[in-house]
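With chain L's structure known, arrange chain W on it following the hints.
Single-letter residue listing:
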Amino acid sequence: GPKVLQIPSHQIIDMGQMVTLNCDPVSNHLYFYWYKQILGQQMEFLVNFYNGKVMEKSKLFKDQFSVERPDGSYFTLKIQPTALEDSAVYFCASSPDWGAYEQYFGPGTRLTVL
Amino acid sequence: GQQVQQSPTSLVLQEGENAELQCNFSTSLNSMQWFYQRPGGSLISVFYNPSGTKQSGRLTSTTVIKERRSSLHISSSQITDSGTYLCAMEREQGTGSKLSFGKGAKLTVSP
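For the protein sequence lines, the chains are L and W, in the order given. Going left to right, the first sequence walks through residues 252 to 365 as the numbering used here numbers them. Going left to right, the second sequence walks through residues -17 to 93 as the numbering used here numbers them.
Be a bit skeptical, because a hint or two may be false.
Pairwise CB distance ranges, derived in the manner of DEER restraints [claimed, not checked]:
{"hint": "1", "chain 1": "L", "residue 1": "Pro259", "chain 2": "W", "residue 2": "Ser(-8)", "range": "28 to 34 Å"}
{"hint": "2", "chain 1": "W", "residue 1": "Ser92", "chain 2": "L", "residue 2": "Ile289", "range": "27 to 33 Å"}
{"hint": "3", "chain 1": "L", "residue 1": "Asn279", "chain 2": "W", "residue 2": "Gln(-15)", "range": "26 to 32 Å"}
If you want a taste of the chain L side facing chain W, the calculated C-beta under 7 Å gives, among others [to be verified]:
{"hint": "4", "residue": "Asn299"}
{"hint": "5", "residue": "Ala351"}
{"hint": "6", "residue": "Glu353"}
Hint data in this document are derived by calculation from the structure and do not stem from the laboratory. Only a predicted model underlies this, so the values are computations on that prediction, with no experimental measurement involved. Every residue gets a Cβ at the ideal spot worked out from N, C-alpha and C, and that includes glycine.
Chain L on its own, in the form it takes in the complex (with noise of 0.2 Å):
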């Protein structure tokens, strides 16, 4: 079936540094999503993007991220700078459309901020 990929799978950082991660979406797929999962804890929605705009964010979508597809390129979360509450775990999902469709998710990024 359909595939999303994202890179790295495992990303170890400092505290305060800057942090990109990459997703490659399913090809004609308009709408792009990004979930955080805290080692153990509940999958929380994070931020979705459409047509080159955040569309909505969670209260977990701190002023330090930020998302982006510039061109058809991946689609991308940064972290500037980060702290030691978002190590977890960071899926990528996207959608034909907005609505009753179905999310396509990535294997997800393992982020440990030190």
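Below, chain W alone, put in the same frame as chain L:
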């Protein structure tokens, strides 16, 4: 409050037994999905099931939108079915869509 309630939170079975996992939603929903999460963390979509009954091999999902509930039935469980099963609902927002997840049901199948 929690929009998605999963039950049971954990389940231990012997190989060959059946499992029934439930998901209840506190608000109206457009659709829902069931996921399987491996102990290592990777997420696998099991069913996209906005309504009705879907079957794939030993897995069957039934969603009753009007009653805001969905179930996942696993027949003749196998050791490899062990892991966490997540349900998630999609509630259409004015500015877009997002999934709200339950806390998961941890399934352990032993020989």
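To see whether the hints hold, each was checked on the structure:
In this structure the supplied range 28 to 34 Å holds for Pro259 of chain L paired with Ser(-8) of chain W, their Cβ-Cβ distance being about 32 Å. Between Ser92 of chain W and Ile289 of chain L the Cβ separation comes to about 28 Å, which falls inside the hinted range of 27 to 33 Å. The supplied range of 26 to 32 Å is met by Asn279 of chain L and Gln(-15) of chain W, whose beta-carbon atoms lie about 30 Å from each other. Annotation: Asn299 of chain L was flagged as interfacial toward chain W, and the flag holds, the nearest CB pair being 5 Å apart, inside 7 Å.
Evaluation of the Ala351 of chain L hint against chain W yields a held restraint, the C-beta minimum of about 4 Å falling below 7 Å. Given hint, Glu353 of chain L at the interface with chain W, holds; its Cβ is 4 Å from that chain's nearest Cβ, closer than 7 Å.
In summary, the structure agrees with every hint in the numbered list given earlier.
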